[in-house]
Amino acid sequence: MKKIVVLGSGSFAGSQYIHHTLAPDTKIIGINRSAQTSALFLPYLSSPNIENFTFLQLDINKDLPQIFQCLDDFEPDIIVDFAGQGMVAESWQQPHQWYQTNVVSKVKLHQFLIDKAWLKRYIRISTPEVYGSSESMIDESAVFNPSTPYAVSHAAIDMSLKTFHKQYGFPVVFTRYSNFYGAGQQLYRIIPRTILYALSNQVLSLHGGGHAIRAFIHGKDVAQAINKAIEYGVTGETYHFSTTDFVSIRELVQRIHQQMGVDHDSLVTISDDRPGKDLKYLMDDTKSRRDLGWTPTVSLDEGIAQTVAWVTQNRDALLTYPLNYEHKE
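Just so you know, my numbering puts 271 at position 255 of the sequence shown, and the rest follows in order with no gaps.
Treat the hints loosely; a few may be bogus.
Label-pair restraints from in silico Cβ distances [unchecked claim]:
hint, residue 1, residue 2, range
1, S221, D93, 41 to 49 Å
2, T302, P40, 30 to 38 Å
3, S221, E91, 43 to 51 Å
No farther apart than 25 Å at their CA atoms in a straight line, the calculated lysine to any residue pairs in the SDA-like style are these [as the list claims (entries may be wrong)]:
hint, residue 1, residue 2
4, K182, Y115
5, K132, D89
6, K182, H223
7, K43, D75
8, K18, H36
9, K244, H36
10, K296, E253
None of these hints come from the bench; they were simulated from the model.
Cβ atoms here follow ideal geometry from the backbone N, Cα and C, with glycine treated the same way.
Please model the entire structure based on the sequences and the hints provided.
Next up, the structure:
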């Protein structure tokens, strides 16, 4: 029986990973600071293997002793770490909270884990934000150049884990992804927000004109990437997971509006850009395709269509949830 602990199980990517990984021969404990919501956002709740899942509402900043006890009792082979303060622009407002959660509490966790023989893989869910904006394709050897407190916190914990790997043989595998998306994503994220605004005939604000360039990776492909990293990844190594469909945010919104058959120009307005926002992330994922045998399976247009269908079918229920990010310490 494979045993996995997912930290940040209530995040979009965390819930997608659980949904696609739960199996008769796999037990998963999900740890999250917020309570579970509904199957709208947590698709694993409808899994035929849900009896193999246990949820614990614990906060990495407040409940580390309980988390440590859970880990000692369960003795997971694998920890997949999605936990952390996840918003970029908001990290400027209270950066100490990003450093506390994403660095200080994580270091305490890693210190606890260094002598645990049962731990075979610790999958670190990192971000291309550590590299800053890039004008050309960047591989895993690119130097860190973070431009926001959020990015600094990720760069710091990645460097800390690197030293733990060198000193203790800590079994970390670093993974970095283009932007997550798919059905079930939080409504303040760009794709579901664009869809819901269009259905409600609301005008969407494009920060900085929507010129930032991004790639987007579907939740199913994220889950498959993590499992490839678990099976074939080399500890201490870093792997990129992306697609080659790089789009500006404005183009992304246009593609969504085109699929929905609505007038783009009447549904967008331009606002000032956010501080420290990186213009481009252009990740080269040759290494993960070559060494892990991973390739994305869901195209952006296909994934948009799935997300449009999810929002449209569940519009009334979704409108009962907050449309804006609500910060928690």
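If you check the beta carbons of T302 and P40, does the distance land in 30 to 38 Å?
holds (35 Å)
Between K132 and D89, is the straight-line Cα distance small enough, at 25 Å or below?
Given that 25 Å is the threshold and the Cα spacing comes to 12 Å, the pair holds.
Can you confirm whether the C-alpha distance between K18 and H36 stays at or below 25 Å?
Given that 25 Å is the threshold and the Cα spacing comes to 14 Å, the pair holds.
Does the alpha-carbon distance linking K244 and H36 stay inside the 25 Å limit?
Holds, at about 13 Å.
Proposed proximity, D75 with K43 (alpha carbon, max 25 Å):
Within the cut-off at roughly 21 Å; holds.
For the hint 43 to 51 Å, verify it against the beta carbon of S221 and that of E91.
Roughly 48 Å apart at Cβ, these two residues keep to the hinted range, so it holds.
Is K182 close enough to H223, meaning Cα to Cα at most 25 Å?
violated (41 Å)
Can you tell me whether the CB distance of S221 to D93 sits inside 41 to 49 Å?
Holds: the Cβ-Cβ distance is about 45 Å, inside 41 to 49 Å.
Hint check: K182 vs Y115, CA-CA at most 25 Å. Holds or violated?
holds (23 Å)
Regarding the pair K296 and E253, is the alpha-carbon distance no greater than 25 Å?
holds (24 Å)
Checked against the numbered hints listed earlier, the structure breaks hint 6 alone; every other hint is satisfied.
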